[in-house]
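A.B. asks: Generate the whole structure from the sequences, applying the supplied hints.
These protein sequence lines map, in sequence, to chains A and B. The opening position of the first sequence corresponds to residue 1 in the working numbering, with each subsequent residue numbered one higher. The opening position of the second sequence corresponds to residue 1001 in the working numbering, with each subsequent residue numbered one higher.
Treat the hints as calculated values from the structure; they're not laboratory data. Check the hints yourself; a few may be wrong.
Residues from chain A that keep clear of chain B, each with C-beta distances beyond 12 angstroms, as calculated [as the list claims (entries may be wrong)]:
1) Trp-16
2) Arg-47
3) Ile-192
4) Thr-261
5) Thr-365
Quick partial rundown of chain B residues pointing at chain A, CB under 10 angstroms, derived from the structure [unchecked claim]:
6) Ser-1015
7) Val-1030
8) Arg-1119
9) Ala-1227
Keep in mind the model is a prediction, meaning the values are calculated, not measured. Using N, Cα and C, we set each Cβ at its ideal position, and we do this for glycine too.
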Amino acid sequence: MISSAIIPQPLARLPWRLIFLVSGIGLFGLMNLYSAAGGSIQPWAMRQGAAFLMFLGLAIVLSKVRETTIKSVIFPIYVAIVLMLIAVDMLGFVGKGAQRWLDLGIIRLQPSEFMKPAIALVLARFYELLPAGDIKRWRAIWPAAALIGVPAVLVIVQPDLGTGLMVTFAGVTVMFLAGVPLRWFLVPAGAIAAAIPIIYQFLHGYQKKRIDTFLDPESDPLGSGYHITQSKIAIGSGGFSGKGYLKGSQSHLQYLPEGHTDFAFATLAEEWGMLGGTLVILAYLMVLRWGMKVAANAPTRFGQLSCAGLSAVLFSYFAINLLMVMGLAPVVGIPLPLISYGGSAVMTVMICLGLLMSFERQQRTRNRLA
Amino acid sequence: MNFQGRITNVHQSLSFSRRMAIVGGAQAAVAAALVGRLGWLAVAENEKYNLLSEDNRVQLIIVPPRRGWIIDRLGKPIAINRSDFRVDLIPDQMEDPRRTVATLAQLLALSPDEVDRIRRELAAARGFQPVQVAENVPYERYAAVTVRLPELPGVQPARGFTRYYPAGSAVGHLIGYVGAASAKEYEKEKNPLLITPGFKIGKEGLEKTLETNLRGIPGGQRVEVSARGKLIRELTPKPDRSGAPVQLSIDAGLQEYAARRLGEESGSCVILDCQTGDIVCMASMPAYDPNSFSDGIGRTEWKTLSEDPRKPLLNKTVNALYPPGSTIKPMVALALQAHGVDPKERVHCPGGYRLGNRFFRCLGRHGSVDMHRAIAKSCNTYFYAMGNRVGYDRIAPMARMLGLGQKFDLPLVSQSYGTVPDSEWKRRRYADNQKLFMRPDWTASDTLNASIGQGYLILNPLQLAVMSARIASGRNAQPTLLGVHQDPASMLNIPQEHLDAVRGGMWEVVNGDGTAGASRITLPGIEMAGKTGTAQVRRIAGGQRGQGGDWRYRDHGLFVFFAPFDKPRYAGAVVIEHGMGGARAAAPVAKDALMYLFDRPAAEKRLAELETGWGGTLAERTARRAAAMDAAAASATAAPRPAA
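C.D. replies: Here you go:
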């Protein structure tokens, strides 16, 4: 919040600290992509930079949207996204072995991306509408479960387990914060733990293999364990301060697969070491703290739950990707937003951040009015 | 309702704050865990992952060292390296292995077995270690591969080295041969050099025993490669160091001459410098051609070699044992003198010797003989009588002192050292296995048999050569194969007059009216002395004396010798298997071999005459035999194979 007479009010009111932080992460990501391309802004850094600027602009635009507007459009938007998901499942063409895209002619839409922020908002809206006394009742559970379950299932059958998990995680976080009794989390968690062996049977071949190799990456070091093994080698060989910028042999000699997308963090950690990796993790943690603070300070229940849910989306990106890259979780295709190459993750993150900025802006104006 | 609702709203906001704290805490905990994990990987386990990363990045291509030469005492090469063309595959650089291998199979005319092997090795291969496609590729085929290189990524044509032995089969048993290391040898040594394509190790003979000297130190080409096998850059290479040359005491010319002179016979010829013990010739024939092993021997050739009754795979100088026959009589004569027998004492030979109710035959009726005559005429009766007087337990120590039954310190893969029997030996063997002998104690007839080099006495030709060298020089000559020695060996504790008596008899054998008069050396001032021997292969049955009939049952012919008589320099032994007699088969070979040393042109003229009679030189005959073998192999493969 820079207050100066010279700077116009609308600009000065932007949360500059957050924007600097996010731009810092983005810039680090661009440098990393420059290195991953062997010291070239083509083909990744340039396009990623353009996407970053474009979606940062979108975030700033979104920050002007009023809470009431969001409230009024969230249900129709949610329904539209679900319809698009159904369309993807039914008409979507096969690309990358999965039906994730809806080709609208001019642009290819990945509706599951929009579902990530939407699920947080729609549940926040649902719990806002729910009378406070009903929170311990059945009617507090089933509509929310359906709101999460329908899109989650539609995404998982695409099949995109990673996004499905993120949608579920964000939705469940909102339910938890809304005050749904603990037994509703503990009992299903126990049931799922018990059911894992059965679910395992229904997974796709490649999904099964990912889990197998997560449990024992050395079982197939040249096959599907290769990703995890090479990623660990990249991070581990980086040491405390890294091999130096543009000097990561794992990524430059292509031993590290997907070194610019899902495993971009490994590329970064190889060249910048534990120091660089920790810096990125701390930066993310600061973004999350900012989001959680916005949630805590929100005056309305919708604001509280929305902001916490959007923060949960950001957190799940960050946590799932890093756990995977460091060999603590199975390989699910979740990128690290702003570091990994890929416009859709940037878009989703910027939508989340834009919405958070909008809530934050309205808190401030309200405070000032009060 | 309103009241309760308000309470619930307050309650709800309390619950929200509490749960926010939980979620925020969980997020911080996950972040902390991630930082911890990052530290664990990058700092605690850094060394391990650094190593793995280097392993990924840097590949070492082993450059096999050139094998050291083997040269003779004059510096003439016995085993050298010839450059050849070879083709390897770099698995990581191949784009379409199946098609590439198929193209190569066609270009190089590879057999289906070979193609199978290449496919197998490719499947097992990792990284930048080459897989051998073919070696010893003819230039035309090699050129055909090189022109098509652009469409064959991963194919690496190269210059390699094959071991070459100019003397061929003449040095076969002595030098041995080289070959690719077997899985077992690799297991033992665990040296990646052993599985480098084109690298050969000694498999037999001196090539095997001198392996550490000859091998050299491999070089390495360190290269940085990408995951796809693309060569990024070459790092500092480590040059290879060729193996050191090894000089043998062998005279390559003499070795080859002796081998050729043995001709079609199955036998061996060992010649030593009797003053120093240097082995100058150690020929065993027939022999395999080590060159065909270093190229990789064919199955038919191997089969022919292993089934030949003349045993071309056996080194007859040290691994074949023979009853020495009369060749040990000079040694017995020394033992007799050492135990008080006067060489002038005469024994009457009526054609044999009666022991109890048995009559031990002599080869003739020699009448009254002294030691000198007994050696010259090879009179068994004299040695029966005198041997029986002294007892074999007193003769055996002299046999051992002269090298008989001994294992020498030589770089040989194995030595069969035979037996010098005595009463203690017989008792021991009887205790081990009672079926061997009728009685455990040493009998007089055992002595009689052993005294004329039959019975339990069996020896190898090298021991006979050492014996004659020690008699010739009176020195304790230790046979050596490595290096050239100048200093004479120390003297044996044998009185000069004893030696003179025995040498006189040996002079008579060749230069008097002895058994080997036909093999006299006619050069002025150079006389050969020797002793013939004829060893029975089986018991004399029904008067048949092993002088004819089936080759397998004919007597062995042996001859020990030294020359010049007055100033002994060379001594040796020749054994011709089933040659029917020492004088007839062995002595002429010994004479010609010595002639090579004293008058080479005459010796070579003589050999040329002989070889014309045999149907060509050794090389020509070997080539002819190989062609016949190839033809047989071709017809065998052309014929329909019986179902397995």
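A.B. asks: Compare the structure with the hints numbered earlier in the document and write down the numbers of the violated ones, lowest to highest.
C.D. replies: 8
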